[in-house]
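Trainee: As they're listed, the protein sequences go chains X and H. Following my numbering, the numbering of the first sequence begins with 208 at its first residue and continues without gaps. Following my numbering, the numbering of the second sequence begins with 12 at its first residue and continues without gaps.
Everything labelled a hint here was simulated from the structure, so no lab data went into it. Where a beta carbon is used, it is the ideal one built from N, C-alpha and C, also for glycine. Please note that a few of the clues may not be correct.
[Stated by the list, open to error] Once the Cα atoms are required to be at most 25 Å apart in a straight line, the calculated BS3-like pairs of lysine-lysine come out as:
#1 H:Lys48 / H:Lys215
#2 H:Lys306 / H:Lys48
#3 X:Lys257 / H:Lys159
#4 X:Lys487 / H:Lys358
[Said to hold, decoys possible] From chain H, some residues computed to sit far from chain X (all C-beta separations above 12 Å):
#5 Gly30
#6 Ala65
#7 Val142
#8 Pro143
#9 Gln147
#10 Leu160
#11 Gly184
#12 Leu185
#13 Val190
#14 Asp276
#15 Lys349
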Amino acid sequence: MTMITIVEAVNRALAYELEADPSVVLLGEDIGVNGGVFRATDGLQAQFGKTRVIDTPLAEIAISGVSVGLATQGLKPVSEIQFMGFIYATMEQLISHAARMRNRTRGRLTCPMVVRAPYGAGIHAPEHHSESTEALFVHIPGLKVVIPSTPRRTYGLLLAAIRDPDPVIFLEPERIYRLIKQDVEEDGVALPLEKCFIEREGSDLTLISWGASMHEARQAVASLEAKGVGVDLIDVATLSPLDSETILASVEKTGRCLIVHEAPKTGGMGAEIAARICEKALLSLKAPVKRVTGYDIIVPLYKLEKHYLPSVKVILQAAQEILEFA
Amino acid sequence: MQPIAHFEIYSHQFLNSAGDLTLPLPPPFHSPRDLLKPYQHMLRIRAFDSKAVALQRTGQIGTFPSSEGEEASMAGIAFAMQAEDVFLPSYREHGVLFARGVSMEEVLLYWGGDERGSNYANARQDFPIAVPIATQVLHAVGVATAFKLKGEKKVAVTTCGDGGSSRADFNEGLNFAGVWQIPLVVVVVNNQWAISVPRSSQSKAATFAQKAIAAGMEGIQVDGNDLIAMTHVCRQAVDKARTGAGPTLIEAVTYRMAPHTTADDASRYRGQEEVNSAKALDPILRLKTFLMREKVWSLDEEEAFKQKLQEEVNEAAKAYQAMSPQPIESIFDYLYAKLPRALEEQKAQAVERSEL
């Protein structure tokens, strides 16, 4: 066991699967010699060669479209889009082809492929490098959307994504790429893609988040627990398909729910979770469901970005309001 | 200052519009008799198109894109390929698919609104038609790259239109193909019209073939209404790709005689005179003239064959009409390899609601 970060866990999962499965190929911009702009693929081309770890010309539509073609031929392409802000060019290929190939051919041709992209604000990056638009992909039938929040989950979920027979969008929280270290056993064991993770258990409040925001959520939970408030802390991890059962069971137990995400509020995944709670667990609620999210604005450039991201203080304030309601 | 790059684009024609063979018959043809099979296939495509349009007019299939006038380009592509190659069509190339073993019934099923039409019983490796424009060029790059990575001696062949050549997918695809030197043949079926936008408004380039040059690959123009040239050039490109000598872009110059689809009214943007003059270039007519002059085909044979084709398309239509629709559950069953638990409730709902 070694203490590794999230970005190192990405690297270790890719290395494991490149070794274990000869059909896995990585492709993307600067992923070879350079090891990726975040070093997620560091050393992999040297280890596995230029036909397994492929530096592509600079063209995101092609990276996604070529992945569709590779995937139909029994290969498992794992592509890297350098930042989520550059993923939009791939949307037609992902929505109109990758997500639909199995359905439109009644299973004759399929697209087992992974698109990896670092997402989110908070690293003082240039414009277009701070997007958190996961909900765009959650809306697309045929795709799966996964966002890990710890090194262990990154390792296990990325393995699961690569082994999945359908296309998976794997979004990596760049803000906490190197913030957390964990012992990760490099045993090649995947984690399930259809389950939320209950990280802490308590009976007073359900706090739901995913990705980089889990970092603030964890601090808020520690502070609440110190005051004697018991919290179910849920890391959604797989946003689509959504494990409603775990969420609903928790809310039925606690009667209180706070959802935290850095993506804009309107049409965000928090809205979907809140709606499901209203449909299925309304009568368990002791207080209205609350959301602490990014605003419905363009992510500010970095001088003001901290005012955009949900902070521990704001999360605690919202939790307090819920707890005081009833 | 001195010029540092040069290029020339060659245009290939063997059979002129009068049906005269202006050069010796090229491979893969050895004698005029070898042309009978592709000729008959061209007649088959035209018979199907005319049946499909009639089925649309009587409400038995949905919107349909006729390929009338483009039969030589399709037959040429089809007869240049090997069975194990992969074909990735745009939405107007059912004529290639027929030659690869896809049935008329399947094509009718697709345009009749049933996904099973893309689950080809034969040609299992060929792609379903792509409705989004030129997106399939990138899939073909991926397929060809897979062949190269796996060391398989197969070729990916894809088509798009003159309009498709304006899209990023096409240009990014050529660029990748050039850099990676993969076994790929891209055919731009230049039928002069992208719905209502004429060729002259699509590109200022003198040819679409030369778009290959910037990508570092070979570009060739062919008279797409000349079955002999079309088959010859496509076969050369496919063979070249198979030996590992790299990708080729072929521009097939043809004419879309029909409207864009049955939902289109072409009289809004082009005159009948233009369509009439294009009819003089009809790929079927010129090959028929040649074959009859060579005495390998007769009017009697033509009549008998067309009669047989009529029966074939009628049978296909009947078989299509006899298919029961898929069960309601099927709308969920092929979304993922295994239906996620999250969707089980919606699937049950869909069945329940259908009984309301």
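Trainee: Would you mind marking each hint as holding or not holding in the structure?
Mentor: Here is what the structure says about each hint:
1. H:Lys48 / H:Lys215: Violated, because 38 Å separates the two Cα atoms, which is more than 25 Å.
2. H:Lys306 / H:Lys48: holds (15 Å)
3. X:Lys257 / H:Lys159: holds (13 Å)
4. X:Lys487 / H:Lys358: The hint holds at about 17 Å.
5. Gly30: Label holds. Min Cβ-Cβ 40 Å, cutoff 12 Å.
6. Ala65: Holds: least Cβ distance 26 Å, greater than 12 Å.
7. Val142: Label violated. Min Cβ-Cβ 8 Å, cutoff 12 Å.
8. Pro143: violated (5 Å)
9. Gln147: The claim is violated: H:Gln147 sits with its nearest Cβ about 9 Å from chain X, within 12 Å.
10. Leu160: The claim is violated: H:Leu160 sits with its nearest Cβ about 6 Å from chain X, within 12 Å.
11. Gly184: violated (6 Å)
12. Leu185: Violated: least Cβ distance 10 Å, not greater than 12 Å.
13. Val190: violated (6 Å)
14. Asp276: holds (27 Å)
15. Lys349: H:Lys349 not clear of chain X: closest Cβ-Cβ about 8 Å, inside 12 Å.
The structure fails hints 1, 7, 8, 9, 10, 11, 12, 13 and 15 (numbered hints given earlier, in ascending order).
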